[in-house]
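Chemist: Work out the full structure: start from the sequences and follow the hints.
Its first residue numbered 907, the sequence shown is counted upward by one per residue in the working numbering.
For the record, the hints were derived by calculation from the structure and aren't laboratory data. Check the hints yourself; a few may be wrong.
[To be verified] If you anchor each label on the Cβ, the simulated ranges turn out as follows:
1. 1009 <-> 1087: 41 to 47 angstroms
2. 1088 <-> 1002: 28 to 34 angstroms
3. 1087 <-> 992: 17 to 23 angstroms
4. 1074 <-> 908: 27 to 33 angstroms
5. 932 <-> 1074: 33 to 39 angstroms
6. 1011 <-> 1073: 23 to 29 angstroms
The structure presented is a predicted model; accordingly, all values stated were derived computationally and were not measured. Every residue, glycine too, gets a C-beta built ideally from N, C-alpha and C.
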Amino acid sequence: MSDYRNQLLTIIKEKSLKFGEFELAYGGKSNYYIDGKMTTTTPQGAYLVARIILDSILPDEIEAIGGLEVGAIPIGMAVATLSGVEKKNISAFFVRKEPKSRGTKKWIEGALGPRDRIIVVDDVITTGTSVLKAIQKILEEFPECKIVKVMSLVDRLIGGAENIKKAGYRYEPIFTIRDLGIGDM
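Modeler: Here it is as structure tokens:
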């Protein structure tokens, strides 16, 4: 494991991993919770996530990165910022959970072009429903976009990878819960 990944894993364990009784978005219950935003909104966590993702996607000639609010926002912004510093110029966007109620009433905010090659991201993947909802909205508005890959900070290993792959998308988590040392709980 690279030094960047080791550093990021330490931050996730310290800041994002919680134990207790939790209800998950899909309705299931868990004795642990991963709040990826507690990692991706810190300076070091944001940098490490951006560095790892940017290194992973450079061969794919990506033009934009984003996903469903809120988990994708800090990831997309960190990657876009680092890509700008390094003259790679990957834009960020996010998909709203509900359309904006005023103004343009858009579902998608940010710099997403109609034919962009994109990466869809989320902080944590459980069943993959959130990512697939984001992809559906992206392709409704921009049917010529190419979803090159789906990425996540952590995969809970509860079927998300299978659902994303079954929908026809390449999927790559940075970590799974096994990397966090908690197994499938």
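Chemist: Checking against the hints above, which ones are violated?
Modeler: Result: hints 3 and 5 break, sorted rising.
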